[in-house]
Amino acid sequence: MGGPLLLVRALLFIPDRVAGMVGNIITALVQIWSNRVRSLLTVLGIIIAVTSIITVVSLVEGFGNYVTNFLRGLGTNMMVVYPQVVRGPRGEYLRRAEMTIEDIQTVDTHADAISRTSPVIFTGASVEYGRRRIDRVDIRCTNESFLRIRNFEVDAGRFFAPVDIENGAALCVLGREVLRKLECDESVIGDFVHVDGQRFQVIGLLKAKGSFMGDNQDEIVVIPWTTGLKLYPHHRKYMAFYVEARAEPEIPEAEGQLVRILRQRHGIKSGEMNDFGIFKQDEVLKNFRQVRVIATSVLAGIVSISLLVGGIGIMNVMLVSVTERTREIGLRKSVGARRRDILAQFLTEAVVLSTVGGAIGIAFGYGIVYMASMHPNMVEVDVPLWSVALALGFSAGVGIFFGIIPAFKAAIIHPIDALRHE
Amino acid sequence: MVIDATSQATSAPETAQPVIELIDLHKIYRVGTELVHALRGTSLRIHENEYVAIMGPSGSGKSTMMNIIGCLDVATRGSYLLRGRDVSTLSQSKLARIRGREIGFVFQSFELLGRTTALKNVQLPLSYSRTRHRRQRAIDALERVNLLDRAHHRPNQLSGGQKQRVAIARALAQQPTIILADEPTGNLDSGTGEEIMTIFDGLHEEGQTIIIVTHEDHVAARCWRTIKLRDGQIVSDQKSGRGISDADDAGPNRPVTVGTPSDRPEQAAT
Ligand SMILES: Nc1ncnc2c1ncn2[C@@H]1O[C@H](COP(=O)(O)OP(=O)(O)OP(=O)(O)O)[C@@H](O)[C@H]1O
Ligand SMILES: [Mg+2]
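Protein sequences appear in the order of chains H and C.
Under our numbering, the first residue of the first sequence carries the number 1, and numbering increases by one thereafter.
Under our numbering, the first residue of the second sequence carries the number 1001, and numbering increases by one thereafter.
If we strip away everything but chain H, and leave its shape as in the complex, we get (with noise of 0.2 Å):
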């Protein structure tokens, strides 16, 4: 019986609830618009505070998911094994270190945990077309493989064949930045152009793939690897190859074999160390990790700290106002606010303070992020919205705790004395 007749009570309230908040809210805004200056003042801390936040989150989040993307183009499951030198302790030769393409193919036809392997001389060159010349390219002798481990597709034209890897012909693939480099559009396939002077024919063209800090993955240029070798036969040494595993959860597994696999083929006797390296991609996601927990825990510094002074501060302008306002408050206990209208009152103002700074410092956080998103090389970023809910939180939450005092304060001031008040 009283259960519903409470609710319809209850609903009957909330329009006044709501209304008496929106008095207070407005109160608020009128106070701190009277006192512009004072009350900018004041929530300068939470407005650093709020722009550290939305800035750093920002920043952070934006080269996180570009790591990601990075790495998932990079082909998830992917290790490049190469060769490393072991130094002794005083930094000596121990040992040459090289590999060779039987290792690979061993390493292939062995390991159970790999489903492909694909042999890779990194080097750079100069490419010309025409009149077009130009220096440094990243050129990566490969075979067929290349495409799968490194999830490039090729959109125009074919890739090589396994005959043409056999054949060492000089052929090559363009990447879509090199092709914007040379001045030409897709009518070069066929065409010939010169690698460090030697003339090959372009028989396809890679899909883009965008860049990374800066360093543009499209400006590449792929050539059989056999023919890598006769171009440059010094590079023999330098000779890497990328591996894929069966899939992500097998990484150790392949690793371990193949680590098995290269030891025994280069006689390394147990306690000493591999002659070659192995690069994961979570080596990368470590690092940065790493760099995620640096920039947090500084966040985490400088968001406490200028929340601890934006609090004390409005703490400290609260206590001017109630005293400024002790009157007033007299004034409205005599014409009937309770001490929690009072309260509310105080409180509201407060937490409309600062977050309002929070709002000011949300806006800087924008345009700082606007302003580094402006640079050419910069990754892309976005504010996400779960920081400005955070910040938002962070900045009522401080004018709760820091309000509560002040607005209990003026809550418990006698009438008779506060209308007494000079």
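Among the hints, erroneous ones may be present.
[What the hints assert, rightly or not] Here are some of the chain H residues that sit facing chain C, going by a computed Cβ distance under 7 Å:
no., residue
1, 138
2, 334
3, 336
4, 337
[Claimed, not checked] Simulated DEER-style distance windows between Cβ atoms:
no., chain 1, residue 1, chain 2, residue 2, range
5, C, 1130, H, 296, 45 to 53 Å
6, H, 390, C, 1206, 56 to 64 Å
7, H, 320, C, 1092, 23 to 31 Å
8, H, 26, C, 1089, 32 to 40 Å
9, C, 1115, H, 286, 55 to 63 Å
10, C, 1109, H, 382, 51 to 59 Å
11, C, 1195, H, 366, 55 to 63 Å
12, H, 380, C, 1136, 32 to 40 Å
13, H, 44, C, 1115, 20 to 28 Å
14, H, 44, C, 1195, 48 to 56 Å
15, C, 1130, H, 44, 21 to 29 Å
16, H, 366, C, 1130, 33 to 41 Å
17, C, 1092, H, 22, 54 to 62 Å
Simulated from the structure, these hints should not be mistaken for lab results.
For every residue, glycine included, the Cβ atom is placed at its ideal position computed from N, Cα and C.
Given the coordinates of chain H, work out where chain C with the ligands should sit on it, guided by the hints.
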């Protein structure tokens, strides 16, 4: 038997209980280690639609008494019945509710909120009591004090008399049981004071119960009953002014006598 005496003397309905009844009220302020005895056993009854002036030298306890009647303060000892209900036992929020709904306070220094318009000032008590149709009621109240044309002016754009009229409208807005005015003309010149008093006269005619603290005889002269205080005690209580001239002698007996009629002359002598 006290009630019998009252019923013969007053024009109010015999059975009606007083709106305000103070019984042996004491108020003691503590200043450091010193005690200030602001009210010493004050007893008083005020009925519906009375128009009372409270006079007395400075420091005699007039404001103290008004504040207690207005539920802004509580007595140290004794009881205060508002419409028969003992106020001294009520909680803070109940007192606030009474201040908001039953009492309209008018202050010497107006006490308007400076940053808002006259209309918003008048609406203030209504917003605390969550009354409906606040704006309309505030407009009605402003109209009653003839200040509707200044509804959207701020206090600093109003003259002293106008400010006090806004304050009266604010006191009226809630349609209170009693209007309490502590030296409402104290900050005004005599002409403006007269205007304010004319408003109070009108309100009284409409049936409002009004209590005014004043130092000015011509203000007191417009009221129908004058209570004089000295050193926290009532020293005289008379029907006066244009009111019931024939009640002049019955007056003092009626309101003051509760409990301790014999004490009075003695106290007055001290
Ligand atoms: N808050 C207080 N603390 C201490 N003493 C007080 C306080 N309020 C009033 N008093 C004392 O109580 C006595 C009565 O004060 P009250 O304000 O009631 O006088 P009043 O009759 O209104 O005087 P006036 O005509 O000057 O307004 C005075 O002696 C005053 O000093
Ligand atoms: Mg006084």
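**OP:** Could you work out which earlier hints the structure fails to respect and list their numbers in ascending sequence?
**Re:** 1, 12, 15 and 17
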